[in-house]
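Enquirer: Below, each chain spelled out in residue letters.
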Amino acid sequence: MTATAWSPVDVLREMWSLPFMVNAFRAGTLVAVLAGVTGWFMVARRQTFAGHTLSVVGFPGAAGAVLLGVPVWVGYVGFTVVTGLVLSRGSAGGSAGGSVGREEDSALIGTVQAFALACGFWFVVLYAGLLGGTTSLLFGSFLAITTGQVTFLLALTVAVVAVLAVLGRRLLLATVDPAVAQARGVPVRALDAVFLVLLAVSVAATVQVTGALLVFALLVLPAAAAQRLTARPALAVAMSVLIGAAVVWTALTVAFFSPYPFGFWLTALAFAVYVAAAAWGRTRERAR
Amino acid sequence: MFSHPFMVHALVAGTAVAVVAGPIGYLLVIRGQVFGADALSHVTFTGALAALAAGLDLRVGLFGAAVAGALGLGLLGRRGRPDDVVIGGVFAFVLGLGVLFLSLYSSGRSGAHGTAGVGVLFGSILGLDAGQVTVTAALAVAVLVTLAVMGRPLLFATVDEAVAGARGVPVRLIGTAFLVLVGVTAAQATQVVGALLILGLLAAPGGAALRLSNRPAVAVGLAAVIAVVSVWTGLIASYALPSMPPSFAVIAVATGIFVVAAAASTWSRGRRRDA
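Top line first, the protein sequences correspond to chains A and B. The working numbering puts the first sequence at residues 1039 to 1326. The working numbering puts the second sequence at residues 607 to 881.
Misleading hints may appear alongside valid ones.
Label-pair restraints from in silico Cβ distances [claimed, not checked]:
#, chain 1, residue 1, chain 2, residue 2, range
1, B, Ala768, A, Tyr1298, 40 to 50 Å
2, A, Gln1220, B, Phe612, 48 to 58 Å
3, A, Thr1321, B, Leu677, 17 to 27 Å
4, B, Ala846, A, Val1204, 50 to 60 Å
Hints in this document: simulated from the structure, not taken from any laboratory. Where is the CB? At the ideal position from N, CA and C, for every residue including glycine.
Please construct the entire structure, taking both the sequences and the accompanying hints into account.
Expert: This is the structure:
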């Protein structure tokens, strides 16, 4: 039988006969949902830089957890949530100061990011044995996802989506027009902190599949593509989740049959979708 | 400490990089382009690994990718200031390419190449030779001279883009030229603190200087001093404590100075408000 005679069903059946691939698909789907939903809010709120910083913080989180001998997810969640709180405190202080603007925010975010990565590097050096594992912490490995991790991811996904479902409308108002939101009694600053913590939790979940350096691709690209395709928030969130899931599934399948790494396929496919969406959005604008 | 040639090389190269990174970082902060620098620093990683995978000198990839990335960012954006989402999207993809090159490079050869990625990501300041130090110092001088020449129009274009444009300042050209300088700085700094940590040497001294002084000329100088002090203190600390990698120590000192500067400016602002 030649490779061309394979039907999609055969392909899926072959991959899913391996337990680790089943777990990879489950985890990938959950992660796509998480990253799609929070990523859309991140893009709408123009917090991509903060999002990228939160993503890379997964690396010192994991390295620190390995060094201390605690479960890796404790490190991921602990480090990202603390960073989320630091970032939200920084921006809250900035807006209260009046003269202090967004520029200082970005200096803070950049400093936090570099410091976190430097800590991660130090942890790795201290642990010494992990050096080969650094690459997989940074770029992910979907081959070693356990059933326990999938359950954990499911719990996180349900929690984050539930919180966002409750807060979504107010968060959206605070995003689009903070002044009006404040006048209507929406606690804008508290919402900002809550959102950064949610983003942190999503990143902590996603990082286990994609690695610290590539979480950001799943966070920003499907959401940015969805934003180009529709202006309606609910539809855009749904699209961003669908695009994310389609990209993860395709990337896992292609990576399974090709010698090149999953991280490359994930980012390349997501980027292709984004470029296509941007081109489509532009032609539609011109047609009007 | 100075009896070891590698420490002398590290101090000279580190100083050269810091003297440039401070002022560039300050300008990045006031132009609100720290995220762009973040993207460029990741682009250098992909460039370095692409060069390694193709069997070229690492620096060809570093500088090539950084300058190409800077021109790309300049073209993508309106008036040389691209949108954050576009930057994010592009550099997420570029990092993915970096992963591809890393796997091409480390799978095609023996195990010793497996850690090449780690060196590029986190720097190897103690492994510089005299030739690299000379190149680093020469480039630092070139960047500083360019910056001195275009400093005034750049600042004008930063503070009020519209007025600067109306007065005949080529805003877009200057924005792109500045990004190229950022790219060159990032490529240089990659050899010292690594692609992932450059951002600290750019954002922390720049952010600290902005909080300490409102006058651009003073702040640029301050940023350079803070960056140099960070590099020196970091190198000395890691010499005293060999288990601490130099790039961590450098970034930790820079972060510490940023925190102190932020606290000091908040405190003095509070006092002024009370008075």
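Enquirer: Now look at each hint and say whether the structure bears it out.
Expert: Quick rundown of the hints versus the structure:
1. B/Ala768 and A/Tyr1298 have their C-beta atoms about 47 Å apart, which keeps the hinted 40 to 50 Å range intact.
2. For the pair A/Gln1220 and B/Phe612, the supplied restraint of 48 to 58 Å holds, since their beta-carbon distance comes to about 56 Å.
3. Remark: the range hint 17 to 27 Å for A/Thr1321 to B/Leu677 is upheld by a beta-carbon distance near 26 Å.
4. A hinted range of 50 to 60 Å for the beta carbons of B/Ala846 and A/Val1204 is consistent with their spacing of about 52 Å.
When held up to the earlier numbered hints, the structure conflicts with none and fits them all.
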